[in-house]
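One line per chain: the protein sequences are A, B and C, in this order. Residues in the first sequence are numbered consecutively from 125, following the numbering used here. Residues in the second sequence are numbered consecutively from 92, following the numbering used here. Residues in the third sequence are numbered consecutively from 99, following the numbering used here.
Be careful, since some hints might not be right.
What the hints assert, rightly or not - Derived pair list, reagent style DSSO-like, types lysine-lysine, alpha-carbon separation capped at 27 Å: (1) K269(C) - K241(A); (2) K366(A) - K349(A); (3) K224(A) - K290(C); (4) K290(C) - K241(A); (5) K443(A) - K269(C); (6) K148(A) - K227(A); (7) K393(A) - K446(A); (8) K183(A) - K150(C); (9) K271(A) - K446(A); (10) K227(A) - K150(C); (11) K206(A) - K183(A); (12) K310(A) - K446(A); (13) K206(A) - K148(A); (14) K271(A) - K310(A); (15) K366(A) - K271(A); (16) K393(A) - K206(A); (17) K241(A) - K227(A); (18) K349(A) - K271(A); (19) K227(A) - K183(A); (20) K290(C) - K227(A); (21) K290(C) - K148(A); (22) K269(C) - K150(C); (23) K150(C) - K443(A); (24) K206(A) - K227(A); (25) K150(C) - K206(A); (26) K269(C) - K224(A); (27) K393(A) - K148(A); (28) K349(A) - K417(A); (29) K310(A) - K269(C); (30) K417(A) - K366(A); (31) K269(C) - K446(A); (32) K206(A) - K269(C).
Quick caveat, the hints were computed from the structure, so don't treat them as lab data.
Here is how the chains run, residue by residue.
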Amino acid sequence: MRVLQALAVLMLCLSFSTVQAAEKEINVGFIYVSPIGDAGWSYAHDLARRELDGMEGVKTSYVEAVAEGPDSERVMLNMARKGYDVIFATSFGYMDPMLKVAKQFPNAKFMHCSGFKTADNMGNYFGRMYQARYLSGMVAGGMTRSKTIGYVAAFPIPEVIRGINAFTLGVQAVNPEATVRVVWTKTWYDPATEKEAAKSLLDVGADVIAQHQDSPGPQEAAQEKGVYSIGYNTDMSTFAPKSHLTAPIWNWAPFYRNVIEQVRNGSWKAESVWPGIETGIVDLAPFSAMVPKELQDRVMAARADIVAGSNRIFVGPIKDQKGAVRIAAGVVAPDQDLLGMTWFVQGVVGTTE
Amino acid sequence: MELAIIVPLLAAAVQSGTPILYATLGEIVTEKSGVLNLGVEGVMILGTLTAFVVALTTGSPVLAFVAAGVAGTLAAAIHGMVCLWFRGNQVVSGLALTILGTGLADYLGNAYVGRTAPGFSPVALPLLSEIPIVGPIFFNHDPLVYLTYGLPPLIWYGLMRTRPGLCLRAAGEYPAAATAAGLDVAAYRWFGILGGGFLMGLGGAYLSLSYTHLWTNNLTGGRGWIAVALVIFAFWRPGRAVFGAYLFGGIMALQLRLQASGTQLPSSLLLMLPYALTVIVLVLSSWRRGASEAPAALGVNMEPAD
Amino acid sequence: MFRVRITRRQEPRGWSSWFVLGAAVALSLVLSGVLLSLRDISPLTGLAVLFKGAYGSRFAIEDCLIKAIPIFLCSLGVAVAFRLQIWNIGAEGQFALGAVGATWVALTFPELPGPILLPAMILMAALAGGLWGMVPALLRQRLQTNEIIVTLMMNYIAILFLDYLVYGVWKDPTSYGFPMTSEFPPQAVVGKIGSTSVNWGLGHCLVLGTVVWVFIRFTRIGFELRAAGDSVRAARYAGIPYDRLVVLVMVISGALAGWAGFLEASATINRLQPSIMVGYGYTAIVVAWLARLNPLTIAIASFLLAGLRVGVENLQLDLQVPAAFGGILEGLILLTVLAGGLFTSYRLSVRRS
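For reference, chain A alone in the conformation it holds in the complex:
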């Protein structure tokens, strides 16, 4: 082990000296869990990476489709050995491997997305997507006639469950009797399966389709049936102009640019950051003309409340599917609970398994 460390330090010194010679260029590495061809999560991060590439004195690279666990540890080790200054890992399962690597390479900066562990040189970050989900839920709740909304979802992990819950709370804010039906596809990007899942929801009477999937498959299904849809990740209106109402969207570039600036001027700190809609990391795509003006105004008012911090969304009393109170009246759910959410709020039809 000691030999390894000595070797690693030696290599790091070597690579640092070369970096210094080249006018302190910052090398940034990204590691993605899926191919960037997934058009969704990894793709959204990669769009931001390409913007970083355009910054003065910044060089980036990435490794895609890296399995969580030992494979990811090896890839991060490789990046660190090659002298990368900042490493971003964008999947929950990269957390423990990153922690191990971070301890071996104290001079590099490590940023982990969607986890909770930190170290002296490792921070974590995420975006409060659930805020935008809540707003899109209000739109869905305002537009449904059948009071049944379909939600095509990827994997039962906290991020997705939290999004469904926030969406449902948004629906109920304008339409207390409406229910949200969930179908799991166990895929992130499989247009065929996801479209079929949306159709199955349409068959049980849903007239608005929302999704936590990376493909526009569900959007196509909604448009073919002539009902409404809510996109995800980016503005999906080009895929279904006749049904797309709005979409909760990601915008990572400003965040990543900010981190790089901080590293450059030395103000970077290893901390947990979870910025929300106020920073623009998440937001709502422009409304379609099909959304009535009053509803738009109502949603924008709620958005202003969220930005101002007066609407925290997960504020009790909130009951689960069985009717038990999970968040007591007046209590704001702490971030820890949100990060580990595994139950559905009342009004969701489906299971979290």
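Given the structure of chain A, go ahead and fit chains B and C onto it with the hints provided.
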């Protein structure tokens, strides 16, 4: 269950069964000539990508559909070369073709992710689609589905009632006798491989032209393997292949609908349904007939005569 | 006109088969080089980066060894079945069930001391994998059900079963709802060799490889196996119990893949999570065939294909070549080697016709 649920379910079964049906028919043609092609998945995905790229660049879905067939033929030709020219093991060659095909499609298709291409949309057939129950199930689809209604009888007729069909089957059943009778067995096997590949490519095209209008890696999602299984289930008969493909498509559609209707069963277990069903169906069909229906020389390369 | 005449050789060629193998690999490299040049990357640079990433440093070689362990064990099992012309495509599923079996022991008896716990985990893993392999064998023996399809479908089922466990009953309560079991107790973890990062699974490989070699080479059953593999009909005439051999090889095959699942869960991940499934079972088939089912050459081929997987990461990092490149190269090598078989098992002569 009510009609309001069953009819859309069956319509979905027809639609999600269609790509599998094309591929199954292709594999039947190939296997009838005595060649086992396990590379269906790889051949299909190359068809899917080709269809998407051609549709995107030319704007013509019809051209894209045909191009996918050609791509399937070319991909299957690799299998033909390895097995017929170089006498490589058919099982392993098919596996390798799947690995190569999925890798190649992923590699070349990277640039096309996130775009939409023109494709086919549902066209209700006049009169026929008005028939209660049957109409919405069978006659409210896109043209590529209607095409599959004519295909199985055509393939059945070609294989069973024409002379070239007879020769092709002879190449798969008694290659030694066929050679002795002066037949060019290799030529018929080539025909089986290439013709089958064409159909598999069309099946792949269905996924990016009709089922969705998008491209992504792994769009075939294991449908090629299902097709290989369905050939056995169908006892190498085009008619039964239709039944098998719709049954499988129906199960895929059913498990999602069970979730949508609010079942409490874990989704992992529901997702197992199609695969478990395939095993059960295979076991049942081999129980009834054994493997006796398979072409006798299936998977066996021709030994050169001295 | 000239005609090529092909006749089967009585004895496959010896030394020149290495030449054919080399030529086949070279051809694959040339073809994949064409793909690299499609992306404006010099093929030579690309292959150099690939090679350097795989074998260019002590770390890299250690990484290859770590990856070669599960590939070797799965492949060893697959090769035993292939010898009898039983097409076991199911190593992936047997691997999954092995990991499940080992995890069950580790989670149920965390108090047991290491010398008892580890063997128990191995036993359970081999048993689970072996039984999973036995099902298609019995079906084939009794009903002539096609084992290719059954083993393949059972892969999907096994992986979904693993999913079901880690998303449900086995989910670690402290994992924030993410699908993974809790970490194994320290005595359930197979340790590392000395100061290297390679685990003692390498030792298991050595022992098991030798055992399998001795079994096939020097025992009566091993002899029957080789004889029956050469000609099923002849074996039946000679009174060799072919059907029983089918079940036996599938149990051995499954047990070895299950053992690999145990090592992966215990030594490299230290827990069970969905990302344990990265396709070793399929790579094992490629390896077994490239190595002509011989344990020693399987070891070499495992190391080389592990190198391909590791090296591709370097190719991505330095030249941003998509991850799929590894699969393409794997498929190409297999196809060309397969085609090359013609030159070693057949005699070609050109005649005037």
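Verification of the supplied hints:
1. K269(C) - K241(A): holds (19 Å)
2. K366(A) - K349(A): Given that 27 Å is the threshold and the Cα spacing comes to 10 Å, the pair holds.
3. K224(A) - K290(C): holds (16 Å)
4. K290(C) - K241(A): Holds: K290(C) and K241(A) sit about 25 Å apart, inside 27 Å.
5. K443(A) - K269(C): holds (23 Å)
6. K148(A) - K227(A): The given pair, whose Cα atoms are some 23 Å apart, holds under the 27 Å limit.
7. K393(A) - K446(A): violated (42 Å)
8. K183(A) - K150(C): Holds, because 21 Å separates the two Cα atoms, which is no more than 27 Å.
9. K271(A) - K446(A): holds (20 Å)
10. K227(A) - K150(C): Distance ~26 Å between K227(A) and K150(C) Cα, so the pair holds.
11. K206(A) - K183(A): holds (13 Å)
12. K310(A) - K446(A): Holds: K310(A) and K446(A) sit about 25 Å apart, inside 27 Å.
13. K206(A) - K148(A): holds (15 Å)
14. K271(A) - K310(A): holds (26 Å)
15. K366(A) - K271(A): Satisfied, since the Cα-Cα distance of roughly 20 Å is no more than 27 Å.
16. K393(A) - K206(A): Roughly 23 Å separates the two Cα atoms, so the pair holds.
17. K241(A) - K227(A): holds (13 Å)
18. K349(A) - K271(A): Satisfied, since the Cα-Cα distance of roughly 17 Å is no more than 27 Å.
19. K227(A) - K183(A): Holds, because 24 Å separates the two Cα atoms, which is no more than 27 Å.
20. K290(C) - K227(A): Since the Cα atoms of K290(C) and K227(A) sit roughly 19 Å apart, the hinted pair holds (cutoff 27 Å).
21. K290(C) - K148(A): Roughly 38 Å between the alpha carbons, so the hint for K290(C) and K148(A) is violated.
22. K269(C) - K150(C): Violated. K269(C) to K150(C) sits at ~39 Å, over the 27 Å cutoff.
23. K150(C) - K443(A): Roughly 57 Å separates the two Cα atoms, so the pair is violated.
24. K206(A) - K227(A): holds (16 Å)
25. K150(C) - K206(A): holds (13 Å)
26. K269(C) - K224(A): holds (23 Å)
27. K393(A) - K148(A): Distance ~20 Å between K393(A) and K148(A) Cα, so the pair holds.
28. K349(A) - K417(A): holds (24 Å)
29. K310(A) - K269(C): holds (17 Å)
30. K417(A) - K366(A): The given pair, whose Cα atoms are some 18 Å apart, holds under the 27 Å limit.
31. K269(C) - K446(A): holds (21 Å)
32. K206(A) - K269(C): Since the Cα atoms of K206(A) and K269(C) sit roughly 36 Å apart, the hinted pair is violated (cutoff 27 Å).
Taken one by one, the earlier hints fail for this structure at numbers 7, 21, 22, 23, 32, listed in ascending order.
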